[in-house]
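*Asks:* One-letter residues, chain by chain:
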Amino acid sequence: MRTITSWMGQAIAYTAFCLPLYFLSDQPSYRYLQPHESEIKLAFKHAGVPVEECHKRTADELQKLPANMRAAMSCSRERSPITIDILLDGKNITTHTFRPPGVHKDGSTFVYGKFSVPSGSHRMDLQMEDNVRNPGVDHTFSRQVQLRPGQVFLIGFNREQGGFIVH
Amino acid sequence: MSVLHRFGHRVIQSVEQLFNRIFGNGWNPWYHLGSLSFFLFWIVLFSGLYLLIFFETSLSGAYPSVERMTHEQWWLGGIMRSLHRYASDGAVITVVLHASREFFRDRYRGVRWFSWFTGVPTLWLVVLLGISGYWLVWDAMAQYIAVTTAELIDWIPILPGSMVFNFLEGNVSDRFFTLMSFLHLLALPVAMVFLLWTHVSRISQVDFMPPRGLAVGTSLALLLLSLIKPALSHGPANLSQIPEVLHLDWFYLNIYPVVDRFGAGTAWSLGIGITLVLMVLPWLPPQRPKPPAFVTLEQCNGCGQCAKDCPFGAVSMRPRTDGRDVSHEPTIKNSLCTSCGICVGSCVSSNPYRLSKTTLRSGMDMPHASIDQLRTDLLTRLQQLTGPVRVLLIGCQHGADLESLQDQQTAVLSLPCSGMFPPSLLDFALKRGADGILITGCRDGDCYYRIGNWLVDERLQGRREPHLLKRTDRQHIRVYRAAAADQDQLRQQLLALQGELRCAR
Chain A
1 MRTITSWMGQ AIAYTAFCLP LYFLSDQPSY RYLQPHESEI KLAFKHAGVP
51 VEECHKRTAD ELQKLPANMR AAMSCSRERS PITIDILLDG KNITTHTFRP
101 PGVHKDGSTF VYGKFSVPSG SHRMDLQMED NVRNPGVDHT FSRQVQLRPG
151 QVFLIGFNRE QGGFIVH
Chain B
1001 MSVLHRFGHR VIQSVEQLFN RIFGNGWNPW YHLGSLSFFL FWIVLFSGLY
1051 LLIFFETSLS GAYPSVERMT HEQWWLGGIM RSLHRYASDG AVITVVLHAS
1101 REFFRDRYRG VRWFSWFTGV PTLWLVVLLG ISGYWLVWDA MAQYIAVTTA
1151 ELIDWIPILP GSMVFNFLEG NVSDRFFTLM SFLHLLALPV AMVFLLWTHV
1201 SRISQVDFMP PRGLAVGTSL ALLLLSLIKP ALSHGPANLS QIPEVLHLDW
1251 FYLNIYPVVD RFGAGTAWSL GIGITLVLMV LPWLPPQRPK PPAFVTLEQC
1301 NGCGQCAKDC PFGAVSMRPR TDGRDVSHEP TIKNSLCTSC GICVGSCVSS
1351 NPYRLSKTTL RSGMDMPHAS IDQLRTDLLT RLQQLTGPVR VLLIGCQHGA
1401 DLESLQDQQT AVLSLPCSGM FPPSLLDFAL KRGADGILIT GCRDGDCYYR
1451 IGNWLVDERL QGRREPHLLK RTDRQHIRVY RAAAADQDQL RQQLLALQGE
1501 LRCAR
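Top line first, the protein sequences correspond to chains A and B.
Residue numbering for the first sequence follows my numbering, beginning at 1 and increasing consecutively.
Residue numbering for the second sequence follows my numbering, beginning at 1001 and increasing consecutively.
Hints are supplied without guarantee of correctness; some may be wrong.
Label pairs and their calculated CB-CB ranges [claimed, not checked]:
1) B:P1157 <-> A:G90: 55 to 63 Å
2) A:H36 <-> B:I1228: 48 to 56 Å
3) B:T1275 <-> A:S121: 33 to 41 Å
4) A:V132 <-> B:W1042: 40 to 48 Å
Footprint (simulated), chain B over chain A, 3 or more residues, beta carbon under 8 Å [said to hold, decoys possible]:
5) 41-47
6) 50-57
7) 84-94
8) 148-162
As a list, the in silico DMTMM-like pairs of lysine to aspartate or glutamate whose alpha-carbon atoms are at most 25 Å apart [to be verified]:
9) A:K45 <-> B:E1056
10) A:K45 <-> B:D1174
11) A:K45 <-> B:D1407
12) B:K1229 <-> A:E52
13) A:K105 <-> B:D1174
Calculated from the structure, these hints are not laboratory results.
Since we're looking at a predicted model, the values are computed, not measured.
Beta carbons are placed, not taken as given, at the ideal position from N, Cα and C, and that holds for glycine.
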């Protein structure tokens, strides 16, 4: 026989069960970006320059290879890693090196990174190295940008289109 | 049991005692956390099926269709959506409590490792179902989940790191969304059902539904919550804009802030680390194995009651091998046997009146606690009583401390499980000098071996073989179940029985 007290107790127990559901299903709220912040996103696929130049095999080298593999030219499959520096208003905010994927490190590199920065007008400079045979900056990007709060400023790269591009 | 087990068990028992007063043992949610999780899964499944009727599984159609359900059809679609969310969140609570309770009750090691072990990947599936569900709404939070999940997956070294490119402005397509729909609506639920089936495959008499009162109460509570606080979406996804503030469901999406703050590597280490620790827990340290039950074929009539009663499916029947004129014989799978002794209590040949020569032999017996030893102990302890009334206190080793209640008027038989004694033993005890019997065991609804209490009740009430003999004087038999925390109440019950017996003289 259930009494009023036990029914009330049950109501309290069900409320206690529902309280975490009420609050934790969407609270406390999570601030991903601070107010007046924007996000710079760098995302592109790019193949670094092969780490070695092709060279003509010598007779000795050819002799050491199986008969069916005696190609005259030897070309390394491995590609250079891609190193990127991002400068905002002349200050370096990150330097990151992306390695080419694959067992032989011969794939195109997927470059991805995101950085939250204060909104507003900024001078943005990007420097990219993609050739270990020729140390130094290979590609640059420099522009005055206007960032809205919460805006995703997406930068890509396309060699055919002349280098860095803003989407 | 370790100090940690003992302490945790004590705390949980105190809470359960309070809930027993409020709900009664039958409806106590703590005793039905597993079936309550199943029930919440059913709510999620059926509300999800309703939502699927109106949900558009395309990138452009998903958000508007969810909004239409939430606002234009709030009286059913909106409620179903909220029920879908809150039942999913509630399942996280019940599953975590269920696992904690089994841990503190020390029911995850030894033979029972399998249920624990298979429960761990189920947790992953629960989380994946939650994440993929939020993804399908395709609002600003779904966008955040999609991008961060892609970053998590791209972190895995052997992958090319290209998944996140699917969620850049201009690149997003229906292709990936269709994959997520397939995962959430079909692949993950099917995998979940399979894993849940595996999780309970080594136990018998599984409760897939909690008691009706508890199911109704839980449904009403969730319904009320759905009306008070309907589940809502963020604004629509816009990949050129990032929401500054997100209203995360912390039951499912708690890993994402970890990714943002500490990186994908830390999040993976945390997830995999916790998973590995949980998976090896049954062997940290391993439980000392107890010798399993064994069959003595010449005493067995092949009735199959032991196979019906075994709570862990350790006993099965196979064609007879000894040439006797009965079709089947029991066989025990040692790796499933918890040595509870319930099969001994099920066996008609465990009848103590059957003593021939000097040893009582049963078709089913335990090497470390044989029925013959039980009979001998009973007789010895009854003979040692010198008080005005003689009471037999019989129960299990997982409830109250019985030995401390032994005195000049009380003989104690403490068994691995109260389901181990055959009902005929009660008649035998009354015939051999006991004036009354107090049967005890784990609290009602909380049997350490799952169904020992229930089997005792069924047998005493004549609903299950072997029955209590019709001639047995039931007036002198009491049942009172007590956990370690209920020691005083058990003592009171014992004193009350002794008092009644004295008055009756």
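*Asks:* Which numbered hints turn out to be false for this structure?
*Replies:* Violated hints (numbers, rising): 1, 2, 3, 4, 6, 7, 9, 11, 12 and 13; every other hint is consistent with the structure.
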